[in-house]
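> Residue-level listing of the chains:
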Amino acid sequence: ETGVTQTPRHLVMGMTNKKSLKCEQHLGHNAMYWYKQSAKKPLELMFVYSLEERVENNSVPSRFSPECPNSSHLFLHLHTLQPEDSALYLCASSQEGAGLPYEQYFGPGTRLTVT
Amino acid sequence: SQKIEQNSEALNIQEGKTATLTCNYTNYSPAYLQWYRQDPGRGPVFLLLIRENEKEKRKERLKVTFDTTLKQSLFHITASQPADSATYLCALDEPYNQGGKLIFGQGTELSVKP
Chain A
1165 ETGVTQTPRH
1175 LVMGMTNKKS
1185 LKCEQHLGHN
1195 AMYWYKQSAK
1205 KPLELMFVYS
1215 LEERVENNSV
1225 PSRFSPECPN
1235 SSHLFLHLHT
1245 LQPEDSALYL
1255 CASSQEGAGL
1265 PYEQYFGPGT
1275 RLTVT
Chain B
196 SQKIEQNSEA
206 LNIQEGKTAT
216 LTCNYTNYSP
226 AYLQWYRQDP
236 GRGPVFLLLI
246 RENEKEKRKE
256 RLKVTFDTTL
266 KQSLFHITAS
276 QPADSATYLC
286 ALDEPYNQGG
296 KLIFGQGTEL
306 SVKP
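Chains as they are written, first to last, in this note's numbering: chain A, 1165 to 1279; chain B, 196 to 309.
Keep in mind that a hint or two might mislead.
Cut-off 30 Å, straight-line C-alpha distance, at most; resulting in silico cross-link-like pairs (BS3-like, lysine-lysine) [as the list claims (entries may be wrong)]:
# : chain 1 : residue 1 : chain 2 : residue 2
1 : A       : Lys1205   : B       : Lys254
2 : A       : Lys1182   : A       : Lys1205
3 : B       : Lys212    : B       : Lys252
4 : B       : Lys198    : A       : Lys1200
5 : B       : Lys296    : B       : Lys250
6 : B       : Lys258    : A       : Lys1204
7 : B       : Lys212    : A       : Lys1204
8 : B       : Lys252    : A       : Lys1182
Treat the hints as calculated values from the structure; they're not laboratory data.
Chain A extracted, bound-state conformation (with noise of 0.2 Å):
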């Protein structure tokens, strides 16, 4: 495997339901992000690792919660959703460096539909 690898591809969940998103990185970088992506709109952070320590969380409600066990995999725990939360999750991952500019590179995605 290559780059960085996320399932489930596709997600259909209740409102009632706990499910995970995993997400691996196969680059040794050292950090790794969240992000939602509903149609027409920007990609929305809502999780960062850096380190495994987790430096950001944007305001996100918390029936989205995320874990870091090591710099390679991160999990997005879900539990009663609704139906607004249906979207696209991306896990993505960079090298951060002290003033060093990074790109950041993608997974998939998981596409999450609320019922």
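Starting from the known structure of chain A, fit chain B onto it as the hints suggest.
Showing chain B alone in chain A's frame:
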């Protein structure tokens, strides 16, 4: 706060022509600006990065310019092909004291007709 404006209307051009996409920002000039390509239902793919002290950057048929006076970046695809059809996103960095994260525009959809 910083806002990024990209043409929300799709750009339709004929194969072989040059496509030009615009990215405008409203506030501080970023240290660098990036362009990504996104195909439907897929994650964005990094294309080019240009720093604030660079006027122009090229990669194969792609060219990016960065004008900090106009607060604008232009993204050009020369000799466009139908395979270039996608949504193109620009992104710029926030200063480290504001989190240092990337902010993305909503993207411009490009359609290249044969």
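> Take a quick look at whether Lys252 (chain B) and Lys1182 (chain A) sit within 30 Å of each other, Cα to Cα.
With a Cα-Cα distance of about 46 Å, the restraint between Lys252 (chain B) and Lys1182 (chain A) is violated, given a limit of 30 Å.
> Within a Cα-Cα threshold of 30 Å, do Lys212 (chain B) and Lys252 (chain B) meet the stated pairing?
20 Å, holds
> Are the Cα atoms of Lys1205 (chain A) and Lys254 (chain B) separated by 30 Å or less?
Distance of about 28 Å is within 30 Å: holds.
> Mind checking the alpha carbons of Lys212 (chain B) and Lys1204 (chain A) for me, to see if they're no more than 30 Å apart?
Holds. Lys212 (chain B) to Lys1204 (chain A) sits at ~26 Å (cutoff 30 Å).
> Just to be careful, I want the Cα atoms of Lys258 (chain B) and Lys1204 (chain A) compared with a cutoff of 30 Å; is the pair within it?
25 Å, holds
> For Lys198 (chain B) and Lys1200 (chain A), compute the direct alpha-carbon distance and say whether it is at most 30 Å.
Holds - the C-alpha atoms of Lys1200 (chain A) and Lys198 (chain B) are around 18 Å apart, at most 30 Å.
> Under the criterion that the straight-line Cα-Cα distance not exceed 30 Å, is the pair Lys1182 (chain A), Lys1205 (chain A) satisfied?
26 Å, holds
> Is Lys296 (chain B) close enough to Lys250 (chain B), meaning Cα to Cα at most 30 Å?
23 Å, holds
The structure does not agree with numbered hint 8 stated previously, though it agrees with all others.
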